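With the sequences and hints as input, model every part of the structure.
The chain contents come next:
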Amino acid sequence: MNEEKREAEKSYCVFGIGEREFLIPKENVIQILDVTKIFPIPGAPDYIVGALPVKGKIFPAVDLAKVYNIERFNYSDNKLLVIEVKGEKIGILSDITPFFVSFESDIVLEDFIDPEKLFEQLKIRSKEEKKDAK
Amino acid sequence: MLNNQETIKNFLLEADDYLNVLIEGVEELELKGYNKETLESLSKVAYALKNAASNVNLTKIVTVSQKLEEFFKALLNEEIKYDKSFVYQIKSEINLIETMINEIYESDKENIETKLLIEHEPIIFKTPLGKDKVKVSLSLIEEIYDSLGEILVQKNLISDRERILLDIVSEISDKVEKLLREINNFSDILRIQKQKQKIGDVFLDDFESFKTKKNDESYIFSRKIKEITNDMKESIDSLSLFSENLLFHLKSLNQEIDYLKEILVKLSMMPIGILLYKVSEAIKEKAKEIGKKVEIDIKGTEIMIDKAILESLYEPIFYILLNSIQHGIEFPQERVSKGKEKEGHIKIEVKRQGNYISISIKDDGKGIDAERIKEKVILEGLISPEEASFMSQEDIFSYLFVPGFLTSDNIQKENGKELYNVKKLVSKINGKIEVLSELDKGTNFIIKLPQSLTLRNLLVFKSNNLDFAVPIDYIEEVLMVEDFPQVFKEGIIKYKNREIPVRVFSEIFLSLNVKNPKNGYIVVFNFSGIRKALIVDEILGHEETIVRSFGEFLKGLTQYFGYFISSKGNPVYVVNPLTLFD
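From first to last, the protein sequence lines stand for chains A and B. Start counting the first sequence at 1; every next residue gets the next number (the working numbering). Start counting the second sequence at 135; every next residue gets the next number (the working numbering).
Keep in mind the hints are simulated off the structure, nothing from the lab. Please note that the accuracy of each hint is not assured.
[Unchecked claim] Estimated spans, in silico, between C-beta atoms of each pair:
no.: 1; chain 1: A; residue 1: Pro40; chain 2: B; residue 2: Ala522; range: 42 to 52 Å
no.: 2; chain 1: A; residue 1: Arg125; chain 2: B; residue 2: Ser226; range: 57 to 67 Å
no.: 3; chain 1: A; residue 1: Leu33; chain 2: B; residue 2: Lys269; range: 32 to 42 Å
The model shown is predicted, which means the values in this text are computed figures rather than measured ones. Even glycine gets a Cβ: it sits at the ideal position worked out from N, Cα and C.
Following this line, the structure appears as structure tokens:
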């Protein structure tokens, strides 16, 4: 019985933006970094706070507060939650130190983020693509 | 049925000729060893045989002759290293074709076809092509690139540190020399004083003797300091020798890395001949269709080019050649009446110029009338007649690539569109295209390309504390803002009889209002004859590096080609200058 229960559980990573908390599947999480130096990328939308150079490559850091219109009261203790989606690394700013939790898989979660959907929603579209969308 | 037999008969006659040429060619190859001329004619004959056989649906002969043709081309492009033993293998393949043809002589087509189908596969192409070769996947090469990029970053870091070290060493060396000079002066003074004292020794009183003692002590002290400083100077000298040595080693490391880069770049390269032969054959077919005769002469087939570039070159070269046979080269009668040979000639010549490749495509057709273009340019209001009189031929012809230009002109109705496309395609692979022409003598298109897309020569500049770079390929000149005081007011510069529109980088890219900086630079770009200029704050220098492309997430930022990480560890965004002026 116990084992079955464990199988039915799913692990998530909890991170916070302002007063809100979000969940993301644990398997997408690569690492949690302290926010050190982020370099702005001119021309990128405002939710992309910049690029983080790691080992000769860069990955973008996004601030979901700008996406979900969340007001922030304190900026301290910023962490960067690095997730991997579609073979690419993306950093998400978190106002709390992210931690892991498990829930039974049949529970419908609020504030759950599907990494692939997030990727599609946030990825930068070129001018041509924008025109096509219209 | 009779018809069918008739065509087969024709084929057999034709095939006999081709076979003879093939046999002669192979004998020549045997006699002379590897030579391009023979191989070229061999590949042409094999191609002709293939076509003839395909007309009568003798598929087996088609495959054998096609494989022969491909084999000759591979030898020609040095993809396969020539070996004497090939002659016998080629001979056996030719024998195979010969027996097939002989069998057709003796039977009717249907039977032979089934017979030929069960024939053995040609042996020659099953032998591994070059024993010393392995297949390498492009992803592996990319991985090595990544690692090499990291090595470059680290090397740059060490070079930077080394420069700092050298500065420090030379500064210390300066200071030590100064110190030595001071001590020398000081001890000189002491010595003179001592000498003076010696003269007055007889009159010594107590005070004077105390002074002498004191002076002696100072003198000894100064001698000691002098010795120590001399030792220090020696140490510093050996330190600077050491760092000079280090610099020497770094330089040889540089050479090694450069060599490694070259090899890596070569790994993903192929000889350009593969493409040029393919396009030429397609064009010859087209020429036949429209009733023109052309000879295409290709030189420099062995020159290597990035596979990615090679693939994107087919279209532009095809269109240029198509342009030549459609609009350039005249019909045979017209050519004869002009005193030209009946056959049109197109010369394709590929040359390497440093890290660039130039492809010159020259025909001996009717050429383009520069005066007519000039008239048209003035008529369209693109330039004034005064300006036009200053324009160079090159500048006038560059209007051929302007979209929509010339489309209403009856000389070249479709050309305008086609040439615009050619330019777009060439720009995509960071190339430039120029056209030169002489009326009734012919037209010459020159494409200039980087040999590799991954390793780029870049000009690095700073704007608002962020580093950016642009490929040097597009840059014609860098000028100083202070020499053009009117540039911010007018938005153009007048330079070398040209009016060049100027934009400010930090305004377009960072939406900043620039307060007319006095110390900026004006970077003049040349996009296939069209010049645009960009003002940047500070130029950091030149860098040859591997440009990484943005991933899927950032791919929409089409204003950038990609980025690289500088030796200081910050990203440098590589700007696509074409998008700056949209």
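Structure-based check of each hint:
no.	hint	result
1	A:Pro40 / B:Ala522: 42 to 52 Å	holds (45 Å)
2	A:Arg125 / B:Ser226: 57 to 67 Å	holds (59 Å)
3	A:Leu33 / B:Lys269: 32 to 42 Å	holds (39 Å)
The structure shown violates none of the earlier numbered hints.
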